[in-house]
Structure formats: C-alpha cells, structure tokens
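K.L.:
Taken in sequence, the protein lines are chains X and H.
Residue numbers are given in this note's numbering: position 54 of the first sequence equals residue 54, and the series is strictly consecutive.
With the second sequence counted from 1, adding 1000 to any position gets you this note's numbering.
I should point out that these hints are in silico values taken from the structure, not numbers from a laboratory.
Using N, Cα and C, we set each Cβ at its ideal position, and we do this for glycine too.
Please note that the accuracy of each hint is not assured.
[Claimed, not checked] Okay, derived cross-link-like pairs now, DSBU-like style, lysine-lysine, Cα gap no bigger than 35 Å in a straight line:
1. Lys39/X to Lys1218/H
2. Lys120/X to Lys1218/H
3. Lys397/X to Lys76/X
4. Lys197/X to Lys1169/H
5. Lys397/X to Lys1189/H
6. Lys1189/H to Lys1177/H
7. Lys1078/H to Lys1061/H
8. Lys39/X to Lys1169/H
9. Lys1034/H to Lys1078/H
10. Lys52/X to Lys39/X
11. Lys1189/H to Lys197/X
12. Lys1169/H to Lys1218/H
13. Lys39/X to Lys1034/H
14. Lys348/X to Lys120/X
15. Lys197/X to Lys293/X
16. Lys1050/H to Lys1189/H
17. Lys1218/H to Lys348/X
18. Lys1127/H to Lys1064/H
19. Lys463/X to Lys348/X
20. Lys1078/H to Lys1059/H
21. Lys1034/H to Lys1127/H
22. Lys171/X to Lys1064/H
23. Lys1189/H to Lys1063/H
24. Lys477/X to Lys463/X
25. Lys1127/H to Lys1072/H
26. Lys120/X to Lys1169/H
27. Lys354/X to Lys293/X
28. Lys1177/H to Lys397/X
29. Lys354/X to Lys397/X
30. Lys1059/H to Lys39/X
31. Lys1177/H to Lys1034/H
32. Lys1063/H to Lys1050/H
33. Lys197/X to Lys397/X
[Stated by the list, open to error] Just some of the chain H residues that point at chain X, by a computed CB distance under 10 Å:
34. Ser1141
35. Gly1144
36. Ser1154
37. Asn1186
38. Gly1188
39. Asn1191
40. Asn1192
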Amino acid sequence: MIKNKPYYILSLLVILVITQGAFAETYNIRDFGAVGDGKTIDSPAINAAIDKAVENGGGRIYVPAGTYACYSIRLKSNITLYLESGATILAAFPTQNDGYDAAEPNPDNPYQDFGHSHWKNSLMWAIGERNITIEGHGLIHGEGLTREESRLAGVGNKAIAFKECHNITLKDFSMLHCGHFALIATGVDNLHVLNLKVDTNRDGFDIDCCRNVRITDCSVNCPWDDAIVLKSSYGLGYFKDTENVTISGCFVSGYDKGTALGATWETYEDVAPDHGTNTGRIKLGTESSGGFKNIAITNCIFERSRGLAIEAVDGGHLEDIVISNITMREVGNSPFFFRLGARQRSPKGTPVGKMQRILVQNVNVYDAESQFSNIISGIPGHAIQSLTFNNINIYFKGGHPAEDGLISPPENERTYPEPWMFGIIPASGFYVRHARDVVFDNIRFYFEEPDGRPLFKLDDAEKIYIDRVYVEGELVKDPYSATEK
Amino acid sequence: MVTKIKYLILSLIFSINGLLLKAQQPDVTFLTPKLAGTLRLGIEVNGESKWLADFSSVKKKEKKEETYYILKDAFIGKGEITWMVKSLVDSEGAVMKWFSEKMPDGAKLIWAYGGASNEENVLQPKKNMLLPEYCYQNVFSIEGHSFTLYYGTSRSLRILEVETPPGDKLRLCDANKQANPLQLLNSGKDNNAHVVGASVPLNTTDELYFCVYHLNPKADYNYFMLPQLFEDGYYRVNEETEWMKSTPD
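Please put together the full structure from these sequences, using the hints given.
P.N.:
So this is what it looks like as structure tokens:
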C-alpha cells in the first residue's frame, strides 16, 4: 500500500482535474442569439453570454465555427473565451449608428500616443479584471479596426486591450489585421501569451507596465511596425516598470501584410508607412517613462526586420537585460540600436533615465544594411553602462567610403529614436558614444562590399574592451588599430 | 488660419482648372500645396474599359469652389455622367460626387489614386498626372473602402486620407500600366510604382462620393458623412474630443 501511494495520489489528482473540467460551465454564444453569418452584429450576444457566466461565478464562453461580426466585447473576471477551429471574431466597420465603445477619458494622454492611453475603443477589452483566458484555434480578424489616427466616435483601433488586470492567458489562436495593436496590455501582472500567430498592419504585442510576463512560441508578422514591444508609458497615470519578462521561441518578421498567416510570404511592399524598411522587430521602448528590469529575450528569429532596438528615452531605468541565441536575416536598419536619450515624454521634472547591465550573446546577423551599422549611444552626461557583446556574427552589405568615417553624427538628444536620427554612421561595425564599461568579445564581421569606415568608432567612451575581432574570418591582431577614438 | 485655407483652396482650384484647360480632363490632381496625388476615373462595360479623360464629350460648369463635369460617349450608349468636385472648408482637399444615369447594364466605375510625389510646380495641364515617377515610395494603408496614403520622406512625412465608394475590394496596381482602366486595375502589385484602385458597380440613380483630405481635429470623416459634407463643405464632430498627434511609437 505504501509502495503504491504515489500512484494513488496521482490517480486522485487526475480524477480531480477531469471532474473539474466536466463541471466547468460552458456558455455557447449561439444560445444567446449569436448568428455567425459575418454580417449580423454578434457582440451583444457574446456580451450577454459573458454576463450570464459572471452571474454564475465564471465559465467558458464557447464560440463555435462561424464568422461573428462584432464591436466591443467586454471581457470579465473568471472567463475563458474559447474560439473553436473555424470560428472567426470579425471586427466590424463602424457605421453611422453603431460602433466600438468610446475611448475613456485619460488626463495623462499627452505622455503617450492615443492608442496607448485608451482601452475601451477595442474589439475586446477588460479593465481591472482577473483570471481571463482567450484560447482555441480560431481567428480574431480586426478588419474593421483602424491603424490610423481617426478620433471619430465608434472607431476601434485595437484587437485586445487589458488595463490593470492580472492572471491573463492568451493561447493558440491567430490574429489578422488588428489596427494599432493586436494586443496592448497595460499594468497587467501575470500575463502568458502562448503559441499565437499574428499578422497585422501595425504593432503586434505591446506589453506596457506589466510584471511577470511569458511570451512563448509566437509568430508575429508586422511589416509596418514593431512585432513584440515592451514599453513603460505613463498611460496608467503613474510610473510602473515592465519587469520579469521572457520572450522566447518567437519568430518576428516583415512580410507583406496577411501573407505570413496565408503562408504565401510575399515581399512586394518593402517600405513601411514611415518610409523606413519593413519593421517587424523586437523592441524595448519607445514609451519609457517607467523602467525595464529583468528581461530575457532568447531563441528568437528575425526576418525582414529592423533588428533589435533597446531604447530608454523618457526617464525610465532600463537594466538587467539578457539577449541570447538570436538569428536575424534581411535587416534593413541597425541590427543593434541601443539608445539612452532625453525625449522626456513624461511628467515635467522626470530626470533622464539609465541604461545598464545588458548582456548580448550568441547572435547571428545576415544581410544587414550598412549605413547605420550598429549604434550604442547615450547622451552627454548620461552614459550607457555595463554592456557586453559576446559571440556575434554580422554579415553587412558594406560599401561605404572611408570619408564616411569622418562624419560626426548630431546628438539629437530629444529626437524620436530611430537609427536614421544620426544619418550615416562613421563606423562599419559599432558606433559607441557616451558609453562606459562595454565589452566586445569574439565579434566576427563580414562585408559584401568593402567598407572604408573604421570597424569601431568611439566617442566619449570609457573602459571599452575589444577582443577577438575577426573580419572575413581573419583575426584582427590589434582591434584597436581598426578603432577610431 | 483663414489666409492659409484660402491659399489651399486656391491651390486646389488651380489644379482642377489647370487640367480643364484641355476641357476634357475630369481627373482631379491635388496640390496641397505640393503634389498629393491624382484621382483617375474610367468606366468598364462588358470587359472593355475607357478613361473618362478620353470621352468624346466633356462639358464643364463652374460655381464658386465647385466644378461640374457632364460626360457622354458612345462607349456608354445613352448614359450620362455628372461629376462634381468641391473644395473642403476644414482641410486641404475636396469632396466629390458622382451621379450617372441610363448607363449600360453591368457598367462599373473604375477609379485609381496615386502619384503623390510631394513635388512643387509639376502640374502639366494637358497630361495624365498619375505618372509612375510620382509614385515612388507611396505607401497605401487600405482599410475597407478607405485608405491612408503616406508620401514624402521619413523626415518630412505627409499623410493623406481618402474615402471611396463601396464596391469591390481595393487593391494595389502598377502605374506603369494605364493603357485602359482594366489594364491598370488588373496589373498587380509586383512593381515599384504602386497606386490603389477598385471598381464600383453602377446602379441606376446611385450617388457615389469620394473625399480626399488631410486629417485634423475638424476634418475627420467616414463615408456616411460625405453627402452632408458635399452639401455644406464641412462636417465637424471632433471639436470637443481629445486630439493628440501621435508619434511612430
């Protein structure tokens, strides 16, 4: 008996789990009047199902196969919204008489964009709720949402929005054409985003002022903006860090909109609305009033993107970041863009932030544009500190003349951060300015065309250690000889 | 502010009138004040198509801040098209109204927009202004039957909003292929001179509207507003709402 005790307990646990599942209340939206013909507005039926479940303490809202045209779906605590295979929640276009919930007032809107400051003008939203799951192999199609700047009543601009919620899980479904954000989570603790396929026309996931976040095994195609972005805005009306976040096993890309989810992978549209190259990157910032702490980005793939951007420009502290095991192809911008700036889009008096304790290792970059090379730039009096690059391969296009190495980029301390803010960069490998305690070890460069600029250019940079640098497979015996200070 | 609006309206009228020197050009080129694109119009009947600019009869009438065209051609039998263009009060742009009657069965309006080079002094009154060389890096964000056109440069980006009548799905096309409207509409997006276009079935007595404008707190439109916008020249709903200019964040 004692010998079989573990099996006995395990059996009891299995029975308990099965029994719990069997007794979970399910609310089929068709029982609440949903039609699923793609024309009838079904959000009132879905909201009625949610309200009934809440009345009974929570439950599973079942969305069977069909296309459900909707305006705002108001998610509540202890709800699982289950999207069956073949089920599509279709964001309807607003009409003269009907549309999405109005954007709620937010006196702190000046500190971040309109999209970051409101949550109710979304296809699905929750404020101050807990224990919400959206799952299943269905599709959220944000066709009627806008990525643009209309402020008309009834216009929706986000697919899923959470504010000040906790214990949120998003799992297995697909998202298409989702307006400003496929997902914006602001002030959410305990967020798990797992196995989503997203193909959208502006941002993918914006994780803003959130704590304890897992983003795992997701594919996010965002040719026209960032794919996975961590932010720390002032949208909540108070400072809150984004911290304890992992992004792992994800694929971010910039294929033509809709063609990743459609698996045709088209590349006819190679310019983003801001007239840069396709975006599709992982980024920390731009909104950075609060801080970023304890972030790990690992085992991710970038394709047709602007590379990795780490930005603290609004006063927050960005620290304790590990980036590892990354491969990028077709990078239209700086593969690494690290910027500590002083845009200060924060309440008056917010001091300049910090950027420190960052480790980047095991990264391969192939087919990267060269004009902006890699940029590590603080501002005068505010250095980026304790940064390590280890085991990095970069295949640049090259092709710049030696004269470009004489360029002195403007400081542009308050300018919106994007590599082109500095113009052509005077280094073929790394441009390091206003930085302290930076290690480059085992860095391999390859250039499709010869590049006459120095490999490294240092300006107001202290304690910079460069070791084991290779060009075209040849060890650069004295890397400082290839470095301009 | 008043001075600015007057100047912009004059720019628009100049562009329309410039094209009208030929008295055969119902296409509308927008200078706001730099080149913000051209709306080109054509008709499809039974698999054949023809640009309105090539119609045999184009008559023009002008009122204050409003231009009318009456168009006829053997291609549309006894059909008659009325095309009206009116400047907006609150934005650099125009609202346009289409009315057609006695059109052949199955007739469709084909429209295309593009060619926003943001250049100055490029207007050529006797030529089609929807030229491939004006289309470089024009980016179209299509949302249903509206689209936003991004043009200019990264550091001097211009943004134009366009409302179009409900019809077939909007698509990207090749400005190099404009022998006739159908060729353009079916030309695909494998090119570097994108314009956007669509076809709209023409039912008897339908009134169709277009609106081309730069978004601002007073000028923020949805298609259902266009009939009233055409009548009044303005339709304001956002004056009491929050309005913040967004960044690329």
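K.L.:
It remains to establish, for every hint, whether it holds in the given structure.
P.N.:
Verification of the hints:
Pair hint Lys39/X plus Lys1218/H holds up; C-alpha atoms about 31 Å apart against a cutoff of 35 Å. At most 35 Å may separate the alpha-carbon atoms for a hinted pair to count; Lys120/X and Lys1218/H meet this at roughly 23 Å. Distance hint between Lys397/X and Lys76/X is unfulfilled; the C-alpha atoms sit about 51 Å from each other, more than 35 Å. With a CA separation close to 25 Å, the supplied pair Lys197/X and Lys1169/H stays within the 35 Å bound.
With a C-alpha separation of about 27 Å, the suggested pair Lys397/X and Lys1189/H falls inside the 35 Å cut-off, and the hint holds. A distance of roughly 11 Å separates the Cα atoms of Lys1189/H and Lys1177/H; the hinted pair therefore holds under the 35 Å criterion. Between Lys1078/H and Lys1061/H the alpha-carbon distance is near 21 Å, which keeps this suggested pair within the 35 Å criterion. Between the alpha carbons of Lys39/X and Lys1169/H the distance comes to roughly 17 Å, so the proposed pair stays at or under 35 Å and holds.
Of the supplied pair hints, the one linking Lys1034/H and Lys1078/H is violated, its CA atoms being roughly 39 Å apart against a limit of 35 Å. The straight-line distance between the Cα atoms of Lys52/X and Lys39/X is roughly 24 Å, inside the 35 Å bound, and the hint therefore holds. A distance of roughly 25 Å separates the Cα atoms of Lys1189/H and Lys197/X; the hinted pair therefore holds under the 35 Å criterion. Taken as a hint, the Lys1169/H and Lys1218/H pair is honoured in the structure, with Cα atoms around 28 Å apart against an allowance of 35 Å.
Simply put, Lys39/X and Lys1034/H have alpha-carbon atoms about 41 Å apart, too far for the 35 Å limit, and the pair is violated. At most 35 Å may separate the alpha-carbon atoms for a hinted pair to count; Lys348/X and Lys120/X meet this at roughly 27 Å. A distance of roughly 27 Å separates the Cα atoms of Lys197/X and Lys293/X; the hinted pair therefore holds under the 35 Å criterion. The straight-line distance between the Cα atoms of Lys1050/H and Lys1189/H is roughly 21 Å, inside the 35 Å bound, and the hint therefore holds.
Pair hint Lys1218/H plus Lys348/X holds up; C-alpha atoms about 29 Å apart against a cutoff of 35 Å. Between Lys1127/H and Lys1064/H the CA atoms are separated by roughly 25 Å; this keeps the pair inside 35 Å, and the hint holds. Between Lys463/X and Lys348/X, the direct Cα distance comes to roughly 34 Å. Compliance with the 35 Å bound is thereby established for this hinted pair. Simply put, Lys1078/H and Lys1059/H have alpha-carbon atoms about 16 Å apart, close enough for the 35 Å limit, and the pair holds.
Using a Cα cut-off of 35 Å, the hinted pair Lys1034/H and Lys1127/H holds, with the two alpha carbons roughly 17 Å apart. Under the criterion of a C-alpha separation no larger than 35 Å, the hint pairing Lys171/X with Lys1064/H is inconsistent with the structure, at around 59 Å. Distance check on the hinted pair: Lys1189/H and Lys1063/H sit about 39 Å apart at the alpha-carbon level, beyond 35 Å; violated. Between Lys477/X and Lys463/X the CA atoms are separated by roughly 20 Å; this keeps the pair inside 35 Å, and the hint holds.
For the given pair, Lys1127/H sits about 20 Å from Lys1072/H by alpha-carbon distance, which is consistent with the 35 Å threshold. Taking the CA atoms of Lys120/X and Lys1169/H, the gap is near 29 Å; set against the 35 Å cutoff, the hint holds. With a C-alpha separation of about 11 Å, the suggested pairing of Lys354/X with Lys293/X holds against the 35 Å cut-off. As the CA atoms of Lys1177/H and Lys397/X are separated by approximately 33 Å, the hinted pair is consistent with the 35 Å bound.
About 32 Å separates the Cα atoms of Lys354/X and Lys397/X, which keeps this hinted pair within 35 Å; it holds. With a C-alpha separation of about 42 Å, the suggested pair Lys1059/H and Lys39/X falls outside the 35 Å cut-off, and the hint is violated. For the hint linking Lys1177/H to Lys1034/H, the alpha-carbon distance of about 25 Å falls within 35 Å, and the restraint holds. Between Lys1063/H and Lys1050/H, the direct Cα distance comes to roughly 28 Å. Compliance with the 35 Å bound is thereby established for this hinted pair.
Between the alpha carbons of Lys197/X and Lys397/X the distance comes to roughly 31 Å, so the proposed pair stays at or under 35 Å and holds. Interface hint status for Ser1141/H: upheld, as the beta-carbon distance to the closest one in chain X is roughly 6 Å, under 10 Å. The interface hint given for Gly1144/H holds, since its Cβ lies 5 Å from the closest Cβ of chain X, which is under the 10 Å cut-off. Hint status for Ser1154/H: holds, given a least beta-carbon distance of 4 Å to chain X, under 10 Å.
Interface restraint check: Asn1186/H against chain X, minimum CB-CB distance 15 Å, threshold 10 Å, status violated. Hint on Gly1188/H holds. Least Cβ distance to chain X is approximately 8 Å, under the 10 Å limit. Nearest Cβ of chain X to the Cβ of Asn1191/H: about 8 Å, under the 10 Å cut. The hint holds. Taking 10 Å as the C-beta contact cut-off toward chain X, the hint placing Asn1192/H at the interface holds, the least distance being around 9 Å.
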